[in-house]
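Asker: Okay, here's what each chain looks like letter by letter:
There are 2 protein chains.
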Amino acid sequence: MYEGAIQDLIDALGRLPGIGPKSAQRIAFHILQSDSEIAANLVEAVRTVKERVKFCTQCGNVSEETECRICRDPRRDGTKICVVEESKDVIAIERTREFRGKYHVLGGAISPIDGIGPDQLRIRELMQRLADSTITEIILATDPNLEGEATATYLARLIKPMGINVSRLASGLPVGGDLEYADEVTLGRAFEGRTNL
Amino acid sequence: MYEGAIQDLIDALGRLPGIGPKSAQRIAFHILQSDSEIAANLVEAVRTVKERVKFCTQCGNVSEETECRICRDPRRDGTKICVVEESKDVIAIERTREFRGKYHVLGGAISPIDGIGPDQLRIRELMQRLADSTITEIILATDPNLEGEATATYLARLIKPMGINVSRLASGLPVGGDLEYADEVTLGRAFEGRTNL
Numbered sequence: 001m002y003e004g005a006i007q008d009l010i011d012a013l014g015r016l017p018g019i020g021p022k023s024a025q026r027i028a029f030h031i032l033q034s035d036s037e038i039a040a041n042l043v044e045a046v047r048t049v050k051e052r053v054k055f056c057t058q059c060g061n062v063s064e065e066t067e068c069r070i071c072r073d074p075r076r077d078g079t080k081i082c083v084v085e086e087s088k089d090v091i092a093i094e095r096t097r098e099f100r101g102k103y104h105v106l107g108g109a110i111s112p113i114d115g116i117g118p119d120q121l122r123i124r125e126l127m128q129r130l131a132d133s134t135i136t137e138i139i140l141a142t143d144p145n146l147e148g149e150a151t152a153t154y155l156a157r158l159i160k161p162m163g164i165n166v167s168r169l170a171s172g173l174p175v176g177g178d179l180e181y182a183d184e185v186t187l188g189r190a191f192e193g194r195t196n197l
Numbered sequence: 001m002y003e004g005a006i007q008d009l010i011d012a013l014g015r016l017p018g019i020g021p022k023s024a025q026r027i028a029f030h031i032l033q034s035d036s037e038i039a040a041n042l043v044e045a046v047r048t049v050k051e052r053v054k055f056c057t058q059c060g061n062v063s064e065e066t067e068c069r070i071c072r073d074p075r076r077d078g079t080k081i082c083v084v085e086e087s088k089d090v091i092a093i094e095r096t097r098e099f100r101g102k103y104h105v106l107g108g109a110i111s112p113i114d115g116i117g118p119d120q121l122r123i124r125e126l127m128q129r130l131a132d133s134t135i136t137e138i139i140l141a142t143d144p145n146l147e148g149e150a151t152a153t154y155l156a157r158l159i160k161p162m163g164i165n166v167s168r169l170a171s172g173l174p175v176g177g178d179l180e181y182a183d184e185v186t187l188g189r190a191f192e193g194r195t196n197l
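Chain order of the listed sequences is A and B. Residue numbers for the first sequence follow the UniProt record's numbering, so the first one is 1 and each next one is one higher. Residue numbers for the second sequence follow the UniProt record's numbering, so the first one is 1 and each next one is one higher.
Be a bit skeptical, because a hint or two may be false.
Stated by the list, open to error - Beta-carbon label-pair distances, calculated as ranges:
| no. | chain 1 | residue 1 | chain 2 | residue 2 | range |
| --- | --- | --- | --- | --- | --- |
| 1 | B | D143 | A | L173 | 41 to 49 Å |
| 2 | A | R52 | B | V185 | 50 to 58 Å |
| 3 | B | D143 | A | R76 | 51 to 59 Å |
| 4 | A | I91 | B | T57 | 44 to 52 Å |
| 5 | B | L179 | A | E180 | 34 to 42 Å |
| 6 | A | R52 | B | D143 | 55 to 63 Å |
| 7 | B | D178 | A | Q33 | 54 to 62 Å |
Think of the hints as simulated: they come from the structure by calculation, not from any bench. By construction, the Cβ of each residue, glycine as well, lies at the ideal position given by its N, Cα and C atoms.
Whole structure, please, built from the sequences with the hints as guidance.
Answerer: Written out as structure tokens, the structure is:
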């Protein structure tokens, strides 16, 4: 244990996700020993995020305005909504340049074990957006795991009866991967979803 | 890429040691989404460290006072100095409860490739402490790697002619380890340093 302030910083850093005691110590000493500028930048960045970054009132994505960049963009196709768990997923999909519609960020996935049911997610807000009949297609891009699949199934059941086209991202072998290292569930999905050539 | 503030925070976090782009993103969203208290704690801890934590004028260890807790402690044996590279090493040795003398923190090890020579380390300060004839034993506890060994050899050559007892921490098999997994250098050292039973 260190004296006072340095231990407090190690503790504060150690509470962040993915930072263990050794990394927290290493980062604390780095902050202590490097220019004041590095510490000042970090302090400023944390404060600005807490002050300025909000969530888009439309889609729930992070944004510094009432509506996010994508929701404000008139060139985006307003008839398609891609539903994701987190803002990070929006960035990942944007990088593919495959999708030019809009998004809806749920803020997580249904997970009874963590006490997260449909009411804890932004599903009511999604339903309100769907009430507007301009939306004709929903792409469910929740994670390909238990919680993500459950959430997709739940949403599909809710949305399909509204006459809206609902699809799910394909599961299969990762591109550049090695067939022999694929787990059996992924390989099974790849068979199921095989496409004709 | 995110908009403004959140990307700035990801960048600031990504500049810390051991935090890659994915962890930086994860931590930034954690800070954004959790209570303001977590962000406030972190901001406060970083600022306090930069404001309050200094280095002990005697030994170079981190301290909030002019002299650190160990240098101020009259029960510590002032005739022995254990020389280490970093403040973290002081904590590691204190945990063993084997040593009741004082410390000297060099602030690194001699590493020509990184442009660190004896002048960049707190070696002059160590020599000044040794001018006081109360010190009779120096234990060199630099890291058991190339730079640490070079530093220990350099210091031994400097200090031995002063008639001070100079020793180096033993190298050998780690306790609880497995002989067959020890690297050949470590195993060689364990042979060299074998003790009679």
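Asker: None of the hints should be skipped; say for each whether it holds.
Answerer: How the hints compare with the structure:
no., hint, in the structure
1, B:D143 / A:L173: 41 to 49 Å, "holds (45 Å)"
2, A:R52 / B:V185: 50 to 58 Å, "holds (54 Å)"
3, B:D143 / A:R76: 51 to 59 Å, "holds (55 Å)"
4, A:I91 / B:T57: 44 to 52 Å, "holds (49 Å)"
5, B:L179 / A:E180: 34 to 42 Å, "holds (35 Å)"
6, A:R52 / B:D143: 55 to 63 Å, "violated (44 Å)"
7, B:D178 / A:Q33: 54 to 62 Å, "violated (36 Å)"
Checked against the numbered hints above, the structure violates hints 6, 7; every other hint is satisfied.
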